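Chemist: Residues per chain are reported as follows:
2 protein chains.
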Amino acid sequence: MSQYVAPTQTMRFIIEDLVGLENIAGLPGFEEATPDLAAAILDEAAKFAQEVIAPLNRVGDVQGCSVEDGVVRTPDGWREAYRAFCEGGWSTIGAPAEFGGQNMPKLLATAVTEMVQSSNLAFSLLPVLTDGASAALLTAASAELKQKYLPKMISGEWSGTMNLTEPQAGSDIAAIRTRAEPADDGSYRVVGQKIFITYGEHELAENIIHLVLARLPDAPAGVKGISLFVVPKFLVNDDGSLGERNDVRCVSLEHKLGIHGSPTCVMAFGDQGGATGYLVGLPNRGLEYMFIMMNEARFGVGMQGIAIAERAFQQAQAYANERVQGRDAVTGADNVPISAHPDVRRMLLLMQTRTQAARMLAYWVAGQFDVAHAHPDALRRERARQVVDLLIPIVKGWSTEVGNDSTHLGVQIHGGMGFIEETGAAQHLRDARILTIYEGTTGIQANDLLMRKLMRDGGERLMLLLAGMHDDVESLKAIDDKAIAAFVPRLAACISVFENAAWKLIDRARSDVGAGLWVAVPFLTLAGVACGAWMWGKAALAAHRKLGEGEGDAAFHRAQISQAAFYMAHVATQAEGLAATVVEGLTAATEL
Amino acid sequence: MSQYVAPTQTMRFIIEDLVGLENIAGLPGFEEATPDLAAAILDEAAKFAQEVIAPLNRVGDVQGCSVEDGVVRTPDGWREAYRAFCEGGWSTIGAPAEFGGQNMPKLLATAVTEMVQSSNLAFSLLPVLTDGASAALLTAASAELKQKYLPKMISGEWSGTMNLTEPQAGSDIAAIRTRAEPADDGSYRVVGQKIFITYGEHELAENIIHLVLARLPDAPAGVKGISLFVVPKFLVNDDGSLGERNDVRCVSLEHKLGIHGSPTCVMAFGDQGGATGYLVGLPNRGLEYMFIMMNEARFGVGMQGIAIAERAFQQAQAYANERVQGRDAVTGADNVPISAHPDVRRMLLLMQTRTQAARMLAYWVAGQFDVAHAHPDALRRERARQVVDLLIPIVKGWSTEVGNDSTHLGVQIHGGMGFIEETGAAQHLRDARILTIYEGTTGIQANDLLMRKLMRDGGERLMLLLAGMHDDVESLKAIDDKAIAAFVPRLAACISVFENAAWKLIDRARSDVGAGLWVAVPFLTLAGVACGAWMWGKAALAAHRKLGEGEGDAAFHRAQISQAAFYMAHVATQAEGLAATVVEGLTAATEL
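Sequence order for the protein chains is A and B. If you count by UniProt numbering, then the first sequence holds residues 1 to 592, one letter each, in order. If you count by UniProt numbering, then the second sequence holds residues 1 to 592, one letter each, in order.
Hint data in this document are derived by calculation from the structure and do not stem from the laboratory. From a predicted model like this one, the values you see are computed outputs, not experimental measurements. We put the CB at the ideal spot given by N, CA and C, even for glycine. Fair warning: there could be bad hints in the mix.
Residues of chain B placed beyond 10 Å of chain A at every Cβ, according to the derived structure [what the hints assert, rightly or not]:
{"id": "1", "residue": "Pro28"}
{"id": "2", "residue": "Leu282"}
{"id": "3", "residue": "Glu322"}
Derived pair list, reagent style DSBU-like, types lysine-lysine, alpha-carbon separation capped at 35 Å [claimed, not checked]:
{"id": "4", "chain 1": "B", "residue 1": "Lys504", "chain 2": "B", "residue 2": "Lys546"}
{"id": "5", "chain 1": "B", "residue 1": "Lys148", "chain 2": "A", "residue 2": "Lys504"}
{"id": "6", "chain 1": "A", "residue 1": "Lys47", "chain 2": "A", "residue 2": "Lys152"}
{"id": "7", "chain 1": "B", "residue 1": "Lys148", "chain 2": "B", "residue 2": "Lys224"}
{"id": "8", "chain 1": "B", "residue 1": "Lys224", "chain 2": "B", "residue 2": "Lys146"}
{"id": "9", "chain 1": "A", "residue 1": "Lys504", "chain 2": "A", "residue 2": "Lys224"}
{"id": "10", "chain 1": "B", "residue 1": "Lys504", "chain 2": "A", "residue 2": "Lys482"}
{"id": "11", "chain 1": "A", "residue 1": "Lys477", "chain 2": "B", "residue 2": "Lys504"}
{"id": "12", "chain 1": "B", "residue 1": "Lys146", "chain 2": "A", "residue 2": "Lys504"}
{"id": "13", "chain 1": "A", "residue 1": "Lys546", "chain 2": "A", "residue 2": "Lys482"}
{"id": "14", "chain 1": "B", "residue 1": "Lys482", "chain 2": "B", "residue 2": "Lys546"}
{"id": "15", "chain 1": "A", "residue 1": "Lys47", "chain 2": "A", "residue 2": "Lys546"}
{"id": "16", "chain 1": "B", "residue 1": "Lys477", "chain 2": "A", "residue 2": "Lys504"}
With the hints as extra help, turn the sequences into a complete structure.
Modeler: Okay, structure coming up:
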């Protein structure tokens, strides 16, 4: 297994030079996020992730979790690492100051989260889920619930879960059956079974705050009859101290392909008569609240795809530089490291440039989150929110596919050793496999992209995105640089192919929804490839600017331009085929 | 876990109507392979695979193998199943009558092998490796060695292994260090360590015949100094009875990502002074003999990719038809099976049509093997051999990538359940992961395709292949059928794009080998996609003919034409992007 080294140079390049930390730090409330502080936070986070969390990655895979009498045992070292995580304040970076957070921009918090995820995906799910639960409470809970739960969730003393799935209700939340009956004291008695609950039970935090979707008596059928409840593992007294154990327990753990270190629980609510729960927001609005949170959660899973792709890349690169095998086909030199072989270099660059493309897109979206949250101009906030809405399914859907492809290539680069578990490459492949599934499969992201993000507003969000793409292409065309000029036609073609396919798809889906859904995933892939090409265009612009200013690491900036060219030749080239599938697939759908 | 059901209708369609069993059965020596006998063999093989071998697939995964004091324990039921396999004569189908085989065409033997592989990939490796070892002896061994070993290997009483890899010599066989010293009695003392030896030790067969690559004293360095030896686990007396235990043992087993039921051994030869071995053929010609066998072995691994893809498809299809979830986006009907959702149907069809494309290509190549082996006309034999040589790296490289993609999609269709080991979908993903690696990685197949199969003869083999493709396109154009006419332009474009990219690549690689190797894998993928499209064109031709004759299952034949159309829209469309990568990637190589 290779050591994880946080790619801070690339991260800072994206944050500072591509997205523009200065602009974000200029927004009200983010004044403290200076480049110096940002650099310090990234360096400290890198150290913590590399030294404390990364070494537990394999331990977690090998030991996994176990449950006995409802008590879940996590792998060795997990407890100490989680304590260090909380004590270091790593759970508070992006959280609001009002509840004890550091109120840093999401742009910065995202990079920190990526490091934790790259170090140890199974471990990272605990704070990520707590963040998601906090976000739901921030959005929808009463002041009283917020005050009672948020400070300790943000500090990490208590963790959070999301309880959506039931055996008959996976992707289809409308089928939820868990019930909540009102009690005399204003609370509710929650009864039902939930499955696939990540960190549903453990002893790393003092309390676990379950957010549970359930139906009130006489609630309307379907998605409009689902409410959201807080169900704490231990009831919380008015003074904030822990009260009695609630009627909720872990029945069993799943035996999974990967992320063994994170317990995936079957949870029973109300076996002893009813778990005490508290309604969040208004009745029957649970799904709406979950959807707000889901944007964050889907962004977070997209980041997991990028994080595992980075980890797999580093592992493969280390192996390829170390492993001596074969003869250089060009020079004839014997016993070269396999990274000298063209196809191994190609695979490494494919991993590297797609991972960075997905990362640039995600960080750029994080910057738009910050604008949507904090910009003083309402129109700017609204536009940023629209772009975020449009890009979330692409960040989630495409980055997780990139994560899977990269871990697959990572094993391939190792040859036979990649198939041996001790090597560590196979764990990344196994861990990554859930990412295109949870928080909505790739098919569901594609459905969301087409039906909600493109169709509902008649393409308004899409035009906003395309305007940004075209602006950057024009800027690139204006640059006098041979290396950049060589790839701009491919970039422009890629974006234009994406644009045409999008309008054709929207037009066709208006009259034939089934045909549209039939090619929604190829379209999402096309969108990811095109957004990635756009981001590499932005990277080349930023690198060219830095080179012109004579600032920073020139070799790094030149490599950015070369890698942009690689991406255009090896990835952006796929746009036409994907667009052809979107258009020709529409026809074929009617005949099968 | 779903039941495996051998796809005999599709297999017979390919064997009889697409490849043309009649022509193969008309070759000298294959007269017994009548359609009736072929159908009977396929039905019996299906029954055996489904009832005896398939039920052990999960047992093998869960139990795996263990070793104690050099004795390897295989999973429960393995021994009984292997005995039944041998007693049923399943090991003898394609083997020469001279040594007890049934001398059936490879076309037919391939379908039987696919069934065994689909049922239980880990189990199937034992007979497949024995076949490979037998093929090497048939090619190169003396009459005496053949007579001594082949009959019992072909009957399955003894199994075979291939011992190539050493810790420092994986893909690079030139680096082999195992030594063989001549002894006074004409035998050799073999000393060295081999790794990744599949079924290197077990107690399913009475004896294990190891084929070992080693160096004679004073052998030239590199690949021209490697010789091939037979090293039996038990020495064989002149009367054929077993003698003393040879100095070879299993030191340890690998802990692998998949195919847990097959023991992957570290083998020590000569720990007690030297294992007794016998030279096969001439000194220093070992690699050449291995290469002859490797064609067969690579074809066999390509078949494994198809077999696991079929198994994953069946599992996903069964789940998608059973699992009720969500609303039909078109009709609005509630609680439909997920196979009604357009994206799930798309994924199922992608699995199905790519798997069949790869199968048609492999079976067609098997038919060419038979022609190369048995045709009375030397020119016809030679041409068939050339086409086989050209297509083997595509069958191996592309079918195994299809196998990996399909098992990935198979998990995806299961949603969260796919990530749970008990479901069985994850096992296929894990099992498939070795297929793009062993018997030469995809990169090595691509290298072989470009350097040996395209460059060496100045494109002669390629022209032979293209002529066949163009003939079939012309035949399709002449057909008056709306459904076929709709996809022929895409097929023609796909083949033409492949052809142009091939000539450009050959031309460029002549002056710049490194640039050629840089895009060899995208070119191999392009070749696979184009050959698949060609085969679907052949399928449409055959189905149209059957429909015209009013023969057979009309619904099946119409579905073949629809599926051909799906493949063109969803897979053949990718050819242009791949070709663009081959051409533009050539340029980008020089700058990185």
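Chemist: Where does the structure disagree with the numbered hints, that is, which hint numbers, in rising order?
Modeler: 4, 5, 12
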